[in-house]
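There are 2 protein chains.
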Amino acid sequence: MTRTLFHGLCAFPMTPADAEGHVEASAFAGIIERLVTADVDSIGLLGSTGIYAYLTREERRRAIRTASDITGGRIPLMVGVGALRTDSAVSLARDAAEEGADALFMAPVAYTPLTEAEIYQHYATVAGATSLPFCIYNNPSTTGFVFTGSLLSRLATVPNIRAVKMPLPANVSVETELSDLRAKSAGAIAIGYSGDWGTADAMLAGADAFYSVAGGILPREMLRMIRAAQSGDEVEVRRIDRSFQALWALFREFGSLRVVYVIARQMGLCDVAPPLPVLPLRDDAHTRIRDAVEEITAIAG
Amino acid sequence: MTRTLFHGLCAFPMTPADAEGHVEASAFAGIIERLVTADVDSIGLLGSTGIYAYLTREERRRAIRTASDITGGRIPLMVGVGALRTDSAVSLARDAAEEGADALFMAPVAYTPLTEAEIYQHYATVAGATSLPFCIYNNPSTTGFVFTGSLLSRLATVPNIRAVKMPLPANVSVETELSDLRAKSAGAIAIGYSGDWGTADAMLAGADAFYSVAGGILPREMLRMIRAAQSGDEVEVRRIDRSFQALWALFREFGSLRVVYVIARQMGLCDVAPPLPVLPLRDDAHTRIRDAVEEITAIAG
Chain A
1 MTRTLFHGLC
11 AFPMTPADAE
21 GHVEASAFAG
31 IIERLVTADV
41 DSIGLLGSTG
51 IYAYLTREER
61 RRAIRTASDI
71 TGGRIPLMVG
81 VGALRTDSAV
91 SLARDAAEEG
101 ADALFMAPVA
111 YTPLTEAEIY
121 QHYATVAGAT
131 SLPFCIYNNP
141 STTGFVFTGS
151 LLSRLATVPN
161 IRAVKMPLPA
171 NVSVETELSD
181 LRAKSAGAIA
191 IGYSGDWGTA
201 DAMLAGADAF
211 YSVAGGILPR
221 EMLRMIRAAQ
231 SGDEVEVRRI
241 DRSFQALWAL
251 FREFGSLRVV
261 YVIARQMGLC
271 DVAPPLPVLP
281 LRDDAHTRIR
291 DAVEEITAIA
301 G
Chain B
1 MTRTLFHGLC
11 AFPMTPADAE
21 GHVEASAFAG
31 IIERLVTADV
41 DSIGLLGSTG
51 IYAYLTREER
61 RRAIRTASDI
71 TGGRIPLMVG
81 VGALRTDSAV
91 SLARDAAEEG
101 ADALFMAPVA
111 YTPLTEAEIY
121 QHYATVAGAT
131 SLPFCIYNNP
141 STTGFVFTGS
151 LLSRLATVPN
161 IRAVKMPLPA
171 NVSVETELSD
181 LRAKSAGAIA
191 IGYSGDWGTA
201 DAMLAGADAF
211 YSVAGGILPR
221 EMLRMIRAAQ
231 SGDEVEVRRI
241 DRSFQALWAL
251 FREFGSLRVV
261 YVIARQMGLC
271 DVAPPLPVLP
281 LRDDAHTRIR
291 DAVEEITAIA
301 G
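In order, the protein sequences belong to chains A and B.
When we follow our numbering, the leftmost residue of the first sequence carries the number 1, and every step to the right adds one.
When we follow our numbering, the leftmost residue of the second sequence carries the number 1, and every step to the right adds one.
These aren't lab readings, by the way, just hints derived from the structure by calculation.
For glycine and all other residues, C-beta sits at the position ideal for the given N, C-alpha and C.
Take these hints with a grain of salt, some might be off.
Computed footprint of chain B on chain A, listed as stretches where at least three residues anywhere in the stretch have a Cβ under 8 Å from a Cβ of chain B [as the list claims (entries may be wrong)]:
{"no.": "1", "stretch": "18-29"}
{"no.": "2", "stretch": "81-89"}
{"no.": "3", "stretch": "112-125"}
{"no.": "4", "stretch": "138-146"}
{"no.": "5", "stretch": "276-283"}
Partial pick of chain B residues on the chain A-facing surface, computed with a CB cut under 8 Å [what the hints assert, rightly or not]:
{"no.": "6", "residue": "20"}
{"no.": "7", "residue": "48"}
{"no.": "8", "residue": "53"}
{"no.": "9", "residue": "54"}
{"no.": "10", "residue": "84"}
{"no.": "11", "residue": "86"}
{"no.": "12", "residue": "112"}
{"no.": "13", "residue": "113"}
{"no.": "14", "residue": "117"}
{"no.": "15", "residue": "121"}
{"no.": "16", "residue": "141"}
{"no.": "17", "residue": "144"}
{"no.": "18", "residue": "257"}
{"no.": "19", "residue": "275"}
{"no.": "20", "residue": "278"}
{"no.": "21", "residue": "279"}
Let's have the full structure, built from the sequences with the hints guiding it.
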């Protein structure tokens, strides 16, 4: 099973929670069940889309248990354990291992801006807290931290660290960055990307995985694009990607998190709002979102 | 007493805590006692230097109680209530009011990047949760969020919001920014600055307050600079400021938080490390820090 960890489609589901931050377990189970049915390669629980930063340790534990009860070992579960304090992240890592996680990932969330030595130490400690394979969650849009190539190559030597989730590169092609990172890490880690609108380009360029927000809510359609890319069928990838263009535009305009909450409500999966201060999108966005999703399900369905 | 709120020297003390994040109350009481003895204008509890982001709600409450037991109403206490969730920040605000805070302040800490509408709503809700005067903690170096002038003027109309703590301006003088902000807020809010190396310039330019890390650990010396500025004695301000130059260089090189921990240990105030992942400074910095502090206490003492 773990052969699909850090490869192919890693789907990032939302974690429905009420206004007080209590996870709505039955709605969450339904969302996970759809990912199992679609047979995604892995599930990225408690990522940014899974609002991990807004949930208590107890609720995060409950979410993992709910998901692992549903997957029953059929799909690898990668669980986010980011926290401001190193000891908190260690506790979250151990909780996740106890609740059935198959892998862990962590973004370098910080309040005090951290040095590279501090980031290294934080990752080495948390990755060493369990024996689970570990993915670096390189997410500058939420953390403000930019990993240098030299820090990534140093982290690639930490025993459990097996993968990195990169943001789309700004100034070079994915091909160029991939070959650079593979050289720097001596091929020791799997390299995947996030930033959904870059799915087609990154997978066609040979990325090992795509860490996908859309894959958490439209798993069947996104998996079809990933499989086409993995088989080298660029025409099919581009055809499916065209159907996603309106959704990508909405993700960029509003942030994918806010959009996913509207889709989940329109699909009847759950009826919750993102955690305040994040505001729900206003009604005028809802029609555009419904149209965008219909375009995807029509062409890829 | 509250006439000195948001005016003059607001000293930001550290909050000594053990490796598990438990506040060391007796060391903390000693640190607060020094600020009372120096007679600073106000105390900024649980700011960035006070590691609020790394402490639980219970520990933050305990820190406020410890400080208010020491001040006994002699010096106004302004308490930081920043949190990722709006409901958490509301709870922290109510806790602070119950434990004797005279004012509150909050940075726009975020994980999901927030829109201006979300920031506004967050501030209006938290400021409205108590009747205490409220200060906007504009701290882009830790939050990544940049307040626009229009957002600040909108926030200045929220009833309890009475002050803003600004970072040093990058491209204009403090004078220019001050007159612009005073026009935009119709004089409704007090405008202070932080970024300790800018103390002399900001106070000579007429800022209402300085929110000072050095003031939390060297209150007597910093107060002397603030009082000289308030009386318009530029020669004396510059003389004292020269004695601080080595410390400002260390603050910029290592971050003031890490430096303050070393000073507190050298002064015998407490013997704790910053919360991991923040690492203690290595020994080679200690001598430089001791020399910098001696320069300040020699000239200003």
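Results for each hint:
1. 18-29: holds (count 3)
2. 81-89: holds (count 4)
3. 112-125: holds (count 10)
4. 138-146: Holds: 3 residues of the stretch 138-146 of chain A have a Cβ under 8 Å from chain B.
5. 276-283: holds (count 4)
6. 20: 7 Å, holds
7. 48: 7 Å, holds
8. 53: Cβ of residue 53 (chain B) sits 4 Å from chain A, so the hint holds.
9. 54: Given a least distance of 6 Å, the restraint on residue 54 (chain B) holds.
10. 84: 6 Å, holds
11. 86: Check passed: Cβ of residue 86 (chain B) comes within 4 Å of chain A, closer than 8 Å.
12. 112: With a minimum Cβ separation of about 5 Å from chain A (threshold 8 Å), the hint on residue 112 (chain B) holds.
13. 113: It holds, given that the least Cβ distance between residue 113 (chain B) and chain A is near 6 Å, below 8 Å.
14. 117: 6 Å, holds
15. 121: Hint holds; residue 121 (chain B) Cβ to chain A Cβ min 6 Å, cut 8 Å.
16. 141: Hint on residue 141 (chain B): holds, closest Cβ of chain A at ~6 Å, below 8 Å.
17. 144: Result: holds, 5 Å to nearest chain A Cβ.
18. 257: Check passed: Cβ of residue 257 (chain B) comes within 6 Å of chain A, closer than 8 Å.
19. 275: It holds, given that the least Cβ distance between residue 275 (chain B) and chain A is near 6 Å, below 8 Å.
20. 278: 5 Å, holds
21. 279: 5 Å, holds
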